[in-house]
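Number of protein chains: 2
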Amino acid sequence: MRIGVVAPSSRFGEETAQRVTAIAARVRPEVELHFHPQCFRAHNHFAGTDREREEALVEVANDPAYDAVWFARGGYGSCRIAEAAIARMGEAARAKAWLGYSDAGFLLAGLYRAGFPSLAHGPMPQDVVREGGEAAIERALAWFASRPSEALEPGLEPGARHAAFNIVVLAMLLGTPLEPDLAGHVLLLEEVSEPMYAIDRALFRLTASANVRGAAGIRLGRVSDVLENDPEFGEDEEKVIRFWCAKAGIPYLGRADIGHDSANRIVPFGLSEA
Amino acid sequence: MRIGVVAPSSRFGEETAQRVTAIAARVRPEVELHFHPQCFRAHNHFAGTDREREEALVEVANDPAYDAVWFARGGYGSCRIAEAAIARMGEAARAKAWLGYSDAGFLLAGLYRAGFPSLAHGPMPQDVVREGGEAAIERALAWFASRPSEALEPGLEPGARHAAFNIVVLAMLLGTPLEPDLAGHVLLLEEVSEPMYAIDRALFRLTASANVRGAAGIRLGRVSDVLENDPEFGEDEEKVIRFWCAKAGIPYLGRADIGHDSANRIVPFGLSEA
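Chains as they are written, first to last, in my numbering: chain A, 1 to 274; chain B, 1 to 274.
With the rest of the complex left out, here is chain A:
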């Protein structure tokens, strides 16, 4: 299988790509990873200009030689190109498997809205730099290659629909042309590097959404590297999610094994076959 890697958000490094390629060659020789040259471009904060990122994404998406698209990393920037890129994608793009999380959630949301059938929230090449990151890469490659159940988030319910997002990313895409229909879905949410007040504020917005209120429930992944809150916020992420779910009448269904770390398990969007 051939996987095309593109970087629609923040800058990505060649050395990181080499580490991921080496792991793939060792554990999944049947997988051929192709890092599009755009991955190594830099324009300010981003992995190339908006135009460069959009062109590379559309090129790999529409190229029938690739079986899958893997987002190199998150950071920030895919919302600047997602709507335009998705509008240019054809049947070859729809046939591919897509994997990413964090800022890539803007793209996963828009692709899900567009009816793409094989999308998943899970590790990206950049995760190789994390402690234990090799396991995250192996998990992602395993999912691309053979969809083993060990790679999946363990609480996915057979016959239920799922979607997974970073909290602030989801809050920022509701009400935009990227917003997917989440009716009846179990929503798995995670967050990183935000102060707790900002998480609380994003959950206000998120749980006020009629779309999110139509979800079957919310499961909370890890909320890591919480930034200092002065004074102390005094409530942890679980208290905060329970508060907003109760207020909005959304069932809170417990914790989820996802997050900005190497243990991040995979959540395929849509109906679970698990």
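By construction, these hints were calculated from the structure, which means they are not laboratory data.
Mixed in with the good hints there might be a few duds.
Note that the list lumps identical chains together, so a pair holds whenever it fits in one copy or between two copies.
To be verified - Straight-line C-alpha distance at most 20 Å; calculated DMTMM-like pairs for lysine to aspartate or glutamate:
#, residue 1, residue 2
1, Lys-239, Asp-225
2, Lys-247, Glu-235
3, Lys-247, Asp-236
4, Lys-239, Glu-228
5, Lys-239, Asp-257
6, Lys-247, Asp-50
7, Lys-239, Asp-50
8, Lys-247, Glu-52
9, Lys-247, Glu-83
10, Lys-239, Glu-52
11, Lys-247, Glu-179
12, Lys-247, Glu-55
Here the structure of chain A is known, so what remains is to put chain B in place on it, guided by the hints.
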């Protein structure tokens, strides 16, 4: 005139209240400031529990003895109580003048949606601690007392409708029960203490809104204390607002004299009589 001060968001200090009271006694002896005891309560991040903040806000709003409500400060927290508090307000609340900005934008938005006629974006008691903060307090008191044109943002157009918000606050209240109708309004926006990527992301969300796209245009206030962006974002706030306005077809109308500083001029919501 009697002004009731409440603190629907972050903690507020007694010493700060005393400084503001002293200024009022000196420059506006005709104004009687009453800091509700709730202003000095503390519950974690907030100036009291959600219940304490909601009760104080509703009590002062509905008390016919007060001519105005002044929000003590921003920070975070008014979105947790705004919808419930506004639902409990009657005619005495509607007759009052209301002033605040930053996190108080959640309340101003909800009150504007509810049709309250005398709302304004402008300085709050906490601004006294800023460099030159006394001028901000005097400006606010002047607005309450006599609506002098020098207190107003100088670019307000006679006969046009205006509204002013913090960028992230507006992004987070769109799509919630606090969202007001902004059709035909000139929108004045400001921001503080966010990295530029987060401002860009909030503007993506904001300019994707059909409601905001129906505005007459956007004017950009000051974007101050911009947090470090690694790597450098490479575009300043004006480039970023022009980018999103152009993409969304919203007229960009130039800069505005508002922001998280003592020069923050006042923007009455709705039709300008200036």
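Hint-by-hint comparison with the structure:
1. Lys-239 with Asp-225: Cα proximity of Lys-239 and Asp-225: one copy only (17 Å, versus 31 Å across).
2. Lys-247 with Glu-235: within (16 Å within a copy, 39 Å between copies)
3. Lys-247 with Asp-236: within (17 Å within a copy, 38 Å between copies)
4. Lys-239 with Glu-228: Classified as within: same-chain Cα gap 17 Å, cross-chain 30 Å, threshold 20 Å.
5. Lys-239 with Asp-257: within (18 Å within a copy, 40 Å between copies)
6. Lys-247 with Asp-50: between (39 Å within a copy, 13 Å between copies)
7. Lys-239 with Asp-50: between (39 Å within a copy, 14 Å between copies)
8. Lys-247 with Glu-52: between (43 Å within a copy, 17 Å between copies)
9. Lys-247 with Glu-83: Intra 32 Å, inter 12 Å, cutoff 20 Å: inter-copy only.
10. Lys-239 with Glu-52: between (42 Å within a copy, 19 Å between copies)
11. Lys-247 with Glu-179: Close across copies (18 Å), not inside one copy (22 Å); limit 20 Å.
12. Lys-247 with Glu-55: This pair counts as between: shortest inter-copy Cα distance 18 Å, intra-copy 43 Å.
Of the hints listed earlier, there is not a single one the structure fails to meet.
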